[in-house]
Amino acid sequence: MSLTDDSEEETGANEVTTENKKELNFYPRTVQSLSEKDLKSPAVLKMVLSENKELKREREKLKEIEKKFYESERNLAIVNEKLKKKTCSEIFTDVVYTVGGLIIAISTLDFNSRFTIHNGLFILIGLLLIVGAAIAKWGKK
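Under this note's numbering, the first residue of the sequence shown carries the number 352, and numbering increases by one thereafter.
Bear in mind the hints are in silico, worked out from the structure with no lab data behind them. Please note: incorrect hints may appear among the correct ones.
Once the Cα atoms are required to be at most 30 Å apart in a straight line, the calculated DSS-like pairs of lysine-lysine come out as [unchecked claim]:
| # | residue 1 | residue 2 |
| --- | --- | --- |
| 1 | K407 | K418 |
| 2 | K391 | K407 |
| 3 | K412 | K397 |
| 4 | K436 | K419 |
| 5 | K488 | K436 |
| 6 | K407 | K388 |
| 7 | K414 | K433 |
| 8 | K488 | K435 |
Derived DEER-like restraints, expressed as beta-carbon distance ranges [as the list claims (entries may be wrong)]:
| # | residue 1 | residue 2 | range |
| --- | --- | --- | --- |
| 9 | I442 | I476 | 20 to 30 Å |
| 10 | S386 | N431 | 54 to 64 Å |
| 11 | S392 | E432 | 33 to 43 Å |
| 12 | K412 | E432 | 48 to 58 Å |
| 13 | L475 | K419 | 54 to 64 Å |
| 14 | K388 | A428 | 55 to 65 Å |
| 15 | S423 | V446 | 32 to 42 Å |
Quick reminder that beta carbons are idealized off the backbone N, C-alpha and C, glycines included.
Let the sequences and hints guide you as you build the complete structure.
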């Protein structure tokens with residue numbers, strides 16, 4: 352087994368062979384098909400230089416588009432991280448709401464009459480948790 356076979360088994364990827372690789376042509380076929388005699392002509396040289404300038408302008412536009420793409424990709428990553436933090440904060444405040452409500456619900460159950468002081472304390476703690484979670488949730492908006 353070769354190294355490529357191992358990587359195919361680990362990732363499940365298959366190697367794709369390309370049969371016809373395109374060569375990078377800087378000039379159109381008309382310019383490439385010109386003979387040495389034609390290239391010495393001033394008109395042909397002007398045409399080639401003009402084509403060269405146009406290709407350089409196009410390359411610069413593509414560089415600008417690529418720069419904007421990477422900038423937008425970076426901004427997207429930042430926004431996604433902020434969204435994750437906000438989601439975690441929402442979950443935490445919802446859990447605190449639930450715990451506060453459960454504490455109040457349990458404290459109102461009358462197990463015995465001797466727990467009245469503790470029941471009031473649990474109600475106070477539950478209310479403080481709910482109010483604190485509400486302040487934290489609405490304070491971030």
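Hint check results:
no.	hint	verdict
1	K407 to K418	holds (16 Å)
2	K391 to K407	holds (23 Å)
3	K412 to K397	holds (23 Å)
4	K436 to K419	holds (26 Å)
5	K488 to K436	holds (13 Å)
6	K407 to K388	holds (26 Å)
7	K414 to K433	holds (29 Å)
8	K488 to K435	holds (15 Å)
9	I442 to I476: 20 to 30 Å	holds (21 Å)
10	S386 to N431: 54 to 64 Å	holds (57 Å)
11	S392 to E432: 33 to 43 Å	violated (60 Å)
12	K412 to E432: 48 to 58 Å	violated (31 Å)
13	L475 to K419: 54 to 64 Å	holds (56 Å)
14	K388 to A428: 55 to 65 Å	holds (56 Å)
15	S423 to V446: 32 to 42 Å	holds (35 Å)
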